[in-house]
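Trainee: Let's have the full structure, built from the sequences with the hints guiding it.
Top line first, the protein sequences correspond to chains A and B.
In terms of the numbering used here, the numbers along the first sequence are unbroken and rise by one, the last being 384.
In terms of the numbering used here, the numbers along the second sequence are unbroken and rise by one, the last being 696.
What the hints contain is simulated information worked out from the structure, not anything from laboratory work.
Worth double-checking, as some hints may not be accurate.
Unchecked claim - Selected chain B positions facing chain A (in silico; Cβ < 7 Å):
no., residue
1, Leu589
2, Asp596
3, Pro611
4, Pro615
5, Met618
Unchecked claim - Looking from chain A toward chain B, a few residues come up when the C-beta cut is under 10 Å (computed):
no., residue
6, Ser10
7, Phe13
8, Lys15
9, Ser73
10, Ala85
11, Pro99
12, Ala165
13, Pro333
14, Arg337
The beta carbon of each residue, even a glycine, is placed where N, CA and C say it ideally should be.
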Amino acid sequence: MSSVHIQNISKSFGKVEVLKDISLHIPDGEFVSLVGPSGCGKSTLLRIVAGLEHQSSGRIRINEDVIDGVRPSERNISMVFQSYALYPHLSVFDNIAVPLRMGRLNSVQRLPVLRHLLPGARATEKSIRDDVEEVASLLDMKHLLNRRPGQLSGGQRQRVAVGRAIVREPHAFLLDEPLSNLDAKLRVHMRTEIAQLHRRLGATFIYVTHDQAEAMTMSDRIAVLMDGELVQVGSPDEVYNDPQDIRVAEFIGSPKINVFDGEIRSDGGVDLHGVPTGMVSDAQTGPAQVGLRPEALRLAPLGEGLLNGTVTHIENLGAELMVHFANEAMDRPAIIRLDHIERHGLDVGKDIEIDFTPGAVRLFSAAGTRVPTEEFMEKQLVNA
Amino acid sequence: MSTPEAIYADEAARVSTSAARARARYQLIATLLSAPAVILMFLLLIGPVIAVFLLSFTDWSLGDAEFNWVGMATYDEMVEDDIFWKAITNTLIYVGIVIPGSIILGLGAALLIESVTVGRSLWRAIYFLPVMSTLIAMAVVWEFMLNAKFGMVSQVLGFFGVEAKSWLQEPDTALPALCLIAIWQALGFNMVLFMAGLTSIPRELYNAAEVDGVRSAWDRFWLVTWPLLTPVTMFVAIITAIRSFQVFDTVHVLTKGGPDNASMVLVYQIYQEGFEFFRSSYASALTMVFLAFIFLLTLVKVFAIERKLHYQ
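Mentor: Structure follows, in structure tokens:
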């Protein structure tokens, strides 16, 4: 197993720059997700690592070896494709055996009839059979080995594609949106399976997805790509709780973070719709954006809230409620996540007041970059 | 009076009769709409085939006022006829050379044209030109090219020390020369079909093959291209076979089946017997053999292509 170093990778298709100076170090055995909206360049980056696409500038290293210009077949990297890319005319067994046959047999031994005549080939074929069957039992699909891909369900095909990837021992596994063709229920199930597979193999995984939930639930680290730029890299906790850019804050987390118009006053205090939030900032005074996660908002008793609004919609998810509310100062409704027990006869059209702890505030400049904040009391003490 | 069950049964009967009436009307309309096509097919295709079939059991010659039923006599004569067997053998040899020749070269041309980035449509046009040109006219051109004295083929081969000869007049080379022309003509058509087949192969399969360790174009071809082209190849083979069985125009223009029946093929024999010797009954019997071959190929097409060769 190996570490992957992505160094200053840029890529342009004609005049369109799809990747801008991306650097990312992935240590041995780590599960890294490249996540971002469609068109952000994440699949292109993965294909550059695989060698299926060539970077305009920058370097890729595996361990200490620079692999630029090395063909994909020589890079010893496995890949699971979004469409699975199974060979439709081959059985499941033969599909999984392809990488082994390419690696262990020479081109004479691969000839269809001769394969069974050459003594050396027969021994190798036996070792291939053993390895394929081991992978099949690992993935619980021994009974499918004789079928063709056309006779399999989407989930089973996905499993075959994973089997073909893990049957040899590559430097790294690249997965390009492997779950996006599955139905929602199966997707959640396969999430767990792939995470467990990673733990069992201890291998380096690079996983591309546009689904932030997949990235959050499976990864050691998440790399968020936006418009060809690597905006933030960090553990799921860091990316969720400490987003460095408003785009990261809005992309990670469901439902989306609430963003309110704010202002940094000349004395450093941070206001939300003109109401002090209890936070201060050293940043330049002027308009800013205040981010608050739905679970950071609470209902407040009447007269004690920092914000007020009218309930516009309630989503009942059983264990929890998503309450949408708006007031005339907001250009779109905000969402509060409440435990079901807190409903208290809430209903559409009802006026509510909202409260939050100052520490939950994530402040962003008008341009969208994160602005450091401190709680007001601490600031006072420091100054005194 | 009437129990609920009786009312229900009555209602059910009424519904089913009106459903039956609707179905009958639907069928009538369907029959009426397909009638023109069916009538024309009987008049122009199935009717004549039946007439030819019946004719093959008579001794009728073109222009005769009357005929006698002779049973299988015509077929007995055919089995004894050396020229018939020569024609069958030549036709099978011709088909056997033209199918692999035009498939391998057509696929090769398609792969080569797909691999170039510049001038793709120019190459495609060049290779497709023979398909669009009239074969009779092109046959005349070939006649000049294959001429012993001033033909281009003889001159080029002469450059390599091969003795010049009248390729179309020699028993050894007449049939191969006709095969060559057929391959030249069919190549472009097959190439276009293969190019369509190639574009339908998902790019990701080639990517997967590359990642799986496929290094050479040879392995890539056998792992992905060839298997995924199988349905197209079967189709091309059948189409080429049917067209090759029907070979007539080049034979008629260039060799007239000669020399000494060395290039006699089935359809040309049908033509000779029917329209030069006016032995219509014998020509009819030959036609039945020809139709049997075509029917066989159609069956192969139906079973092999439409049943088996779809992966998804």
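Trainee: Can you verify the interface hint for leucine 589 of chain B: is its Cβ closer than 7 Å to any Cβ in chain A?
Mentor: Check passed: Cβ of leucine 589 of chain B comes within 5 Å of chain A, closer than 7 Å.
Trainee: A closest beta-carbon separation below 7 Å is what the hint needs, so does aspartate 596 of chain B meet it against chain A?
Mentor: 4 Å, holds
Trainee: Tell me if the interface restraint on proline 333 of chain A is satisfied: Cβ within less than 10 Å of some Cβ in chain B.
Mentor: With a closest approach of 41 Å, the proline 333 of chain A hint is violated.
Trainee: Against chain B, run the beta carbon of serine 10 of chain A and see if the smallest gap drops under 10 Å.
Mentor: With Cβ-Cβ at 22 Å, over 10 Å, it is violated.
Trainee: Hint check: is the beta carbon of alanine 85 of chain A less than 10 Å from a beta carbon of chain B?
Mentor: The hint holds - alanine 85 of chain A has a Cβ within 10 Å of chain B, the shortest such distance being about 4 Å.
Trainee: Restraint: proline 611 of chain B near chain A, CB-CB cut 7 Å. Satisfied or not?
Mentor: 4 Å, holds
Trainee: Restraint: lysine 15 of chain A near chain B, CB-CB cut 10 Å. Satisfied or not?
Mentor: 20 Å, violated
Trainee: Would the hint on phenylalanine 13 of chain A stand, with a C-beta cut-off of 10 Å toward chain B?
Mentor: It is violated, given that the least Cβ distance between phenylalanine 13 of chain A and chain B is near 16 Å, above 10 Å.
Trainee: Interface hint check: serine 73 of chain A, Cβ to nearest Cβ on chain B, cutoff 10 Å. Holds or violated?
Mentor: OK, holds: serine 73 of chain A within 10 Å of chain B, min 5 Å.
Trainee: Holds or violated: is there a CB of chain A closer than 7 Å to the CB of proline 615 of chain B?
Mentor: 10 Å, violated
Trainee: Return the status of the interface hint for methionine 618 of chain B: holds when the least beta-carbon distance to chain A is below 7 Å, violated otherwise.
Mentor: At 13 Å from the nearest chain A Cβ, methionine 618 of chain B fails the 7 Å test, so the hint is violated.
Trainee: Should the hint that alanine 165 of chain A touches chain B count as held when the rule is a Cβ pair under 10 Å?
Mentor: For alanine 165 of chain A, the interface hint holds, since the closest Cβ of chain B sits about 9 Å away, which is under 10 Å.
Checked against the numbered hints listed earlier, the structure breaks hints 4, 5, 6, 7, 8, 13, 14; every other hint is satisfied.
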